[in-house]
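As given, the protein sequences belong to chains A and B, one line each in that order. First residue of the first sequence: -2, per the numbering used here; consecutive thereafter. First residue of the second sequence: -2, per the numbering used here; consecutive thereafter.
A hint or two may mislead.
[Said to hold, decoys possible] So the derived list for chain A, only partly shown, Cβ under 7 Å to chain B, looks like this:
id	residue
1	19
2	23
3	48
4	74
5	75
6	78
7	88
8	92
[Said to hold, decoys possible] Over the 12 Å line for every Cβ pair with chain B, so calculated as not near, a few chain A residues:
id	residue
9	14
10	17
11	34
12	80
13	183
14	228
15	301
Calculated directly from the structure, the hints in this document are not laboratory data. Using N, Cα and C, we set each Cβ at its ideal position, and we do this for glycine too.
Protein chains: 2
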Amino acid sequence: MTVGDLGEFGVVNRITGRLPQGAAVILGPGDDAAVVAAPDRRVVVSTDLLLEGRHFRRDWSGGYDVGRKAAAQNLADVAAMGAVPTSIVVGLGIPADLPLTWLDELTDGFRDECAVVGASVAGGDVTRCDQVVIGVTALGDLEGRAPVLRSGARPGHVVAVTGRLGYAAAGWALLEKGPPAGSAALEEVVAAHRRPSPPYTMGPRAAELGAGAMLDVSDGLLQDLGHVAEASGVRIELDPQAFAVAEPVAVAAKEVGADPLEWVLTGGEDHALAAVFPAEVRLPESWQVVGRVVEGSGVVVYGREVGRRGWDHFE
Amino acid sequence: MTVGDLGEFGVVNRITGRLPQGAAVILGPGDDAAVVAAPDRRVVVSTDLLLEGRHFRRDWSGGYDVGRKAAAQNLADVAAMGAVPTSIVVGLGIPADLPLTWLDELTDGFRDECAVVGASVAGGDVTRCDQVVIGVTALGDLEGRAPVLRSGARPGHVVAVTGRLGYAAAGWALLEKGPPAGSAALEEVVAAHRRPSPPYTMGPRAAELGAGAMLDVSDGLLQDLGHVAEASGVRIELDPQAFAVAEPVAVAAKEVGADPLEWVLTGGEDHALAAVFPAEVRLPESWQVVGRVVEGSGVVVYGREVGRRGWDHFE
C-alpha cells in the first residue's frame, strides 16, 4: 500500500495517529498551527532541509533511520545553544508511490529521536513531491540560561569535544565502497552514518558549566571550529595527539585504507558538540580536551592553518 | 551571476545581509539556532513546504512574489490562531544555476511580507537542490489569549469571512488560459494569485471579539469549513446570496466563462480568514456574515451537503 492509495487526509491521520504528545505541547497537530510551551519567555528555533539523494538515500537508509537523523540534526542544534528541545514540526514532501511502511518508519523515527530528549512532534505539513523532502524545525527551552553562542571564545579557554567524531564519515566511506563485511565495528560506523547519536544532555550541561562558546559539529570539526574562531575573533590551536580515535573508526579506516584522524577532524554529520571553557572548569569525563584558544585568527592543527572550507584547503 | 558562483557561505551572507531583525528576535541568523521572544510563555508554530512546479512556477511568479507568498501562508496560519506573528525561519533548497537576482528577490519577499506584521526572518538553512524548495516555519505570540481552534463552533454562532475570496483561483484560471488582457481587474486577480494579502490583523482582533472557531482559508472555503464542522461536531449552513463577489473576480469569471461564486466557495490560496462568532457580537465592517452554525454535521450550501473534499463532491 502506498501514500497515493491513502490520500492527503489519510496520510495526515496516519502520521498523527503514531505521534504521542509530550508535556511541552499545549496544542498538537490538527489545527492551523501548534502551540508549544516556552517557559522562560524565549524560544530557541532551528530549521534544516533534508533532500533525498543529497542528504540520504533510500537504498542506504530505511525510513526509520532517516526520521531519526532528520530529527537529530535539528535537536542537536538546539542542544548546542545550551537549550533543552521541546518539540519539532515537520514539513514533508513525499511521492505518491512511497510505501506506507516507509512513511510509518519515518514517523516512528521522528517520534523516537524526539523521545530521547523528552520532545515530541507538535505539527507539520504534507505535500506531494517526486522525491522525499523533509523540513524539520526544532524548538527548545533555555531554562533561564543565556544561549551559548559561537562568538564567546576567549584566549585562555580550552577547546573540548563530546560525542562521536569520525563515525559517520567512516560509515559513508564503507557504504560507498560497497556492502561492509560483517564485523561489529564496521556495522557500528555504518549504523552511525544512518543515525547519529548526539550528546544532547551535554549541551545544557556545558552551558551550566560555563561554556564560553559551543556548536554542533555538522560539517566537520575543523570547519565548524573555524566558525567559532571567526565569530569570536580568536585562534584555535588543536592538538592532534589529544584525539582518542574510537576503535570502530580505526577498524573502518584500516578496511578502506584511510586516515582515521582525517575522519575525526573533517567528517560531518556525527553531531558531536564542540565547546570552549575557562581553563579552571572541571569537565565531566565525557568531554575530551583537544586544544586551546589563543590570540589571533583561524584554526591550527599540525602547526598549519586550516583553510576556511576545512580539509579542502588543508593539505 | 548565479548561486553556484557565490558558494554556500557567500549565499548565506548575501541572504542574511538583506534581512533586518525585528524586536522579537533576541538572536538572529548566524549561530546553531535563533532565539525568539515568547512573551506569554507559549509559542504558536506553523510550518509549510512549497515546491517549485507544484506550489509555484518560476515562469509565472518572480522570486519576490514567491517569497511573499511563502511567508504569507505561514503567517496567516499563525494569525488564524488569534496570534501575532513574531518571526519565520526558512529552509531553502536552490539550484546552483539560480540567478542571484532571483534569490535576492525571494529574500526581499520574505522580508517584506514579514514586515507587514512586524515580524522578521530569524534564521534558516540553505542547501543545493535541483528545484527550488522552500520550507517556512512561522512563530507567533498569543498575547495572553487562548488560541482560537477549529473545534469551538457551536449552534447559534454566525459564520463570517474576511479577506479576499476567489481572487487567487481567478488569477490561476487566467494564467492557465494564457497571458491575460491588460485590464486592471484582470491584472489584480493575477497579482492575487502570485501574492496573497491575508487579513492578518483580523486574526487577533477576532480572538478579542470572542470568535469561537477560526481558520485560514487555504484549500477553499467549503473544504476548510468542513474541518470546522467536523472538529466542532456541528453543521454549517452557508447562504450563497450573502457572498459579495468582488468586481475583479466577476470580471475574470466573465473573461473565461466561469462561475465566480464557484471560485469564492472553492478557490484556495487567498488566505482569507473564516470564523464563527456568537450572534450578538458586533463585527467590524471587514467581516461578511455568510452563514450560521446549527446542530448536525457537514457543510450545506444551496440546500445541499458538500462532500468532504469540497467542490469535487459538490456537483
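Right, here's what the structure says about each hint:
Hint on residue 19 (chain A) is violated. Least Cβ distance to chain B is approximately 14 Å, over the 7 Å limit. A hinted interface residue such as residue 23 (chain A) counts as satisfied when its beta carbon comes closer than 7 Å to some beta carbon of chain B; here the least separation is about 6 Å, so the hint holds. About 6 Å separates the beta-carbon of residue 48 (chain A) from the nearest beta-carbon of chain B, less than 7 Å, and the hint is met. Taking 7 Å as the C-beta cut-off, the interface hint given for residue 74 (chain A) holds, the closest approach to chain B being about 4 Å.
Look at residue 75 (chain A): its Cβ gets to within about 6 Å of chain B, closer than 7 Å, so that hint holds up. Using the Cβ-Cβ criterion of 7 Å, the hint placing residue 78 (chain A) at the interface with chain B is satisfied: the shortest such distance is roughly 5 Å. The restraint placing residue 88 (chain A) at the interface with chain B holds, with a minimum CB-CB distance near 4 Å, inside the 7 Å limit. Taking 7 Å as the C-beta cut-off, the interface hint given for residue 92 (chain A) is violated, the closest approach to chain B being about 12 Å.
Residue-level check passed: residue 14 (chain A) sits 16 Å from the nearest beta carbon of chain B, beyond 12 Å. Every CB of chain B lies more than 12 Å from the CB of residue 17 (chain A), the least distance being 18 Å, so the non-interface label holds. A beta-carbon of chain B is positioned within 12 Å of the beta-carbon of residue 34 (chain A); the least distance is around 6 Å. Look at residue 80 (chain A): its CB is around 7 Å from the nearest CB on chain B, not clear of 12 Å, so calling it non-interface is violated.
Interface exclusion of residue 183 (chain A) from chain B stands, the closest Cβ pair being 29 Å apart, more than 12 Å. Listed as a non-interface residue, residue 228 (chain A) fails to keep its Cβ farther than 12 Å from every Cβ of chain B; the least gap is roughly 7 Å. Against chain B, the non-interface label of residue 301 (chain A) holds: every CB pair exceeds 12 Å, the least being about 21 Å.
In the structure shown, a violation is registered for the earlier hints numbered 1, 8, 11, 12 and 14, in ascending order.
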